[in-house]
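Asks: Residues per chain, in single letters:
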Amino acid sequence: MLKLKTIFDLNALRDRLLSSSKPEIPTVVITAGTCGQASGANDLIRITKREMLSRGLTERLHLRVTGCHGYCETEPSVLIEPEGTFYPKVNIKDMARIVDAAVHGVVVESMLFRDPDTGELIEKQSELPFYRKQVRTILSSNERIDPIRIFNYIENGGYSALIKVFGVGKPDWVISEVKASKLRGRGGAGFSTGLKWEYLAKQPNGNGKYLVCNADEGDPGAYMDRSVLEGNPHSIIEGMIIGAYGAGATEGIIYVRNEYPLAIKHLLIALRQARDLGLLGDNILGTGFSFDIKLVKGAGAFVCGEETALMRSIEGKMGEPRQRPPFPVEVGVNGNPTAINNVETWANIPVIIRDGADNFRSVGTKNNSGTKIFSLVGKIRNTGLVEVPMGITIEEIVYDIGGGPVGNSKIKAVQTGGPSGGCIPADKFDLTIDYDSLAEAGSIMGSGGMIVMDENTCMVDVAKYFMHFLKDESCGKCYTCRKGTQRMYEILDGVSKGESTIEQLDLLEELANVVKDTTMCGLGQTAPNPVLSTLRYFRSEYRKHIEDGKCPAGVCKELITYSINEECTGCGVCLKACPEDAITGEKKKRHVIDQVKCIKCGACMSVCKFDAVEVE
Amino acid sequence: MVNLTINGLNVSVEEGSTLLEAAQFLGFPLPTLCHMEGLSPYGACRLCVVEIGEGEKSKLVSSCTYPVQEGLKVRTASERVLRARKMIIELLLASCPQSKVIQDLASKFGVRQQRFKQEHEDCILCGLCVRMCEEQMMAKAIGFRGRGENRSIGTPFDIKSDVCRFCGGCMYVCPACQLRCTYNEPEKAICGACANLSPPCVEKDQFDDMMCYMDPCVACEINKD
Chain A
1 MLKLKTIFDL NALRDRLLSS SKPEIPTVVI TAGTCGQASG ANDLIRITKR
51 EMLSRGLTER LHLRVTGCHG YCETEPSVLI EPEGTFYPKV NIKDMARIVD
101 AAVHGVVVES MLFRDPDTGE LIEKQSELPF YRKQVRTILS SNERIDPIRI
151 FNYIENGGYS ALIKVFGVGK PDWVISEVKA SKLRGRGGAG FSTGLKWEYL
201 AKQPNGNGKY LVCNADEGDP GAYMDRSVLE GNPHSIIEGM IIGAYGAGAT
251 EGIIYVRNEY PLAIKHLLIA LRQARDLGLL GDNILGTGFS FDIKLVKGAG
301 AFVCGEETAL MRSIEGKMGE PRQRPPFPVE VGVNGNPTAI NNVETWANIP
351 VIIRDGADNF RSVGTKNNSG TKIFSLVGKI RNTGLVEVPM GITIEEIVYD
401 IGGGPVGNSK IKAVQTGGPS GGCIPADKFD LTIDYDSLAE AGSIMGSGGM
451 IVMDENTCMV DVAKYFMHFL KDESCGKCYT CRKGTQRMYE ILDGVSKGES
501 TIEQLDLLEE LANVVKDTTM CGLGQTAPNP VLSTLRYFRS EYRKHIEDGK
551 CPAGVCKELI TYSINEECTG CGVCLKACPE DAITGEKKKR HVIDQVKCIK
601 CGACMSVCKF DAVEVE
Chain B
1 MVNLTINGLN VSVEEGSTLL EAAQFLGFPL PTLCHMEGLS PYGACRLCVV
51 EIGEGEKSKL VSSCTYPVQE GLKVRTASER VLRARKMIIE LLLASCPQSK
101 VIQDLASKFG VRQQRFKQEH EDCILCGLCV RMCEEQMMAK AIGFRGRGEN
151 RSIGTPFDIK SDVCRFCGGC MYVCPACQLR CTYNEPEKAI CGACANLSPP
201 CVEKDQFDDM MCYMDPCVAC EINKD
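In the order they appear, the protein sequences are chains A and B. Quick note: the first sequence, position 563, residue 563 per the working numbering, numbers continuous. Quick note: the second sequence, position 208, residue 208 per the working numbering, numbers continuous.
So that you can see chain A by itself, here it is in the shape it has in the complex (with noise of 0.2 Å):
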């Protein structure tokens, strides 16, 4: 590959690719993260370049293989440029259409999209009512952008950014910039990114400056920034050396969990091509600046997320968190200054050098600017990513992105900030989204997951589940953290199984207090969150779980009893289902389930057509 010695040379790349570009061209673009590939993208690839290659239509439309574009519920989706035109959910015997369609320039209608509210077909991916209401400054390059081409991102305007860094040649410009943009960490602490690189460009410069990206997204049901290292690794690479220019830092890392190995292999060629090209390395085009990235790849504990945790990881000891002060910013990777951000805040850092800070500061609220890409799953009818300008509130995103709930059950609460978070009610429904306003109501920004919640829910059964998470990967270096996530495991099983007393409630919230209190490092503090906002606004359940014995929700199974009514045809289709045979009865007359063998696995319940199957 050409080596760039100049920024001339990188501005001469980009025209020469642009001038030989050709957007009027028919493009098919289809979704291949790791979601895509595992609904069956890879397939359609392969059927769209046979197609390509048998009809000799190489010079007559394109094919792009992107990252996930967000709407996870349509995987895998094709989208045809430069008219946008979506078609989701595509089966592979369909695919030689759409290709044949694209070449016509013509629109396959019974395979695009249809609207379950009014019916109404709609036909470009802007007007979906999943899009309409997102503001995509980041996951809209996912769908521009194959990202194991650097000249793809590059012809993207990539690196573009950096070029302008470098044409003003102050590192002091690049901090008041990312200062005056107001962005504060996509991590979910919320600590201004600015203050952080100005501290860090402050500290003496000894052994080298460190720059991490925490790539290490544990929370169960959160893919943000896997989404965004799959299908834009060069942002993340970008946005990591303007940091590095900006603050100062030597060397770069990149702390990327081991089970995203899809997110690996991007960021691999990624960084070797940005090697190869340059843009990493000695003398960055000619400016002197030398800077360089390598990728380290966690083991797999979620408490490596934390960040002094993480520097240890990194340092190849235990994942441990250790107390601050003194902060990462002044002793951090092998005891050299070091600044962590997470993903989601270095994919922002090009965007706000490319447009400038005050462009930034645009969107968003007056302390929360910009945008903040949230992992929407749950009950709910239109799962996956989406990004929304911060102060957006919750009720746009579960019902105007979201859809609103499956079926016809109320949507109850939702849970944001993963296994560390809190439960909102349906009723705080209106609550704006940002950092400030979310810790007020008991639950935090996290990363990013929002987890939807609808009236077959059990809060009991949600805190536990959580629970369970945090006592198995809580590093178990503080007492209280450790022996507290496992009492509180205890107590809400107790709960759950109708076993336990309201004194015991009390003595959960006093010991989810302590441990919040008294724990060392984030993963601890924030562990009794799921118990103690579940019995601030759920009380009720749990008492209902003790002082009743019954799961309102019909989830907790030692309280819980199934049984038919006289709904039942005596169709038989339940006592197929049964896998305990613990359903009897004869054909056309009503059936009986047995107490005793029914181990209340629900099976019944959902085969049923009669909505005969009850649970009390």
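Worth flagging that the hints you see were computed from the coordinates, not collected in a lab. As the structure is a prediction and not an experimental result, all values here were calculated from the model. A couple of the hints might just be wrong.
[Claimed, not checked] Covered by chain B, per the in silico footprint, the following chain A stretches (three or more residues, Cβ under 8 Å):
| hint | region |
| --- | --- |
| 1 | 321–332 |
| 2 | 392–404 |
| 3 | 471–480 |
| 4 | 485–495 |
| 5 | 513–520 |
[To be verified] Some residues of chain B that are not near chain A, with every Cβ distance over 12 Å (derived):
| hint | residue |
| --- | --- |
| 6 | 25 |
| 7 | 104 |
| 8 | 108 |
| 9 | 137 |
Just so it is clear, CB atoms sit at the ideal spot from N, CA and C, and this is done for glycine as well.
Dock chain B against the given chain A, drawing on the hints supplied.
Replies: Leaving out everything else, chain B in the frame of chain A:
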């Protein structure tokens, strides 16, 4: 020197010292389990928590690991601190009721009830033995393994470590496992030193160079006889 206030008293201590040291300098007692002079601070037992800062920003930190800062306001026995400390002792008591050290703590701080399910564990994972082995005996024979519930202390893969000199230092510093440190139950031991019937002092000529914490010790008993 750094100036700070502890329970309303002004104190001036050397830079780099910890809040625990500063509090002890003034004579404020703070209970600890995982702290020992000569070993690096670790902050595992959380018994030594103190409250720092004021108003909404006040928080609890472990005094053994928190460095002194200019102008810091520290309270070692505020209501919040005492409440947390009592709960920690209650948790300890629920897990290791047989430890004399923990029983004494409970009686000193007036913990008269234990509302959790009773357990009988030997180890509170304070890490004193690990640090003793690494920092004082320079052996690194034992270490932490696993995380969360499965965290434990031992040698890698539970194979007897070649670097273990059977000095017994790990057992000497242990605040909780009085039972384990007699050789009555050798299968429960960390290093197996207590089960070792031919201690190094008997086998090796130059034993004078090695420290020994074995108590009771087979060799000493033999010599006595």
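Asks: Taking the hints in turn, state whether each one holds.
Replies: Hints and how they fare:
1. 321–332: holds (count 4)
2. 392–404: violated (count 0)
3. 471–480: holds (count 10)
4. 485–495: Since 4 is at least three, the answer is holds.
5. 513–520: The restraint on the region 513–520 of chain A holds, since 5 of its residues have a Cβ under 8 Å from chain B and three suffice.
6. 25: At about 20 Å from chain A, residue 25 of chain B clears the 12 Å cut-off, so the statement holds.
7. 104: 17 Å, holds
8. 108: 18 Å, holds
9. 137: Non-interface label stands for residue 137 of chain B: nearest chain A Cβ at 20 Å, farther than 12 Å.
In summary, the one numbered hint that this structure violates is 2.
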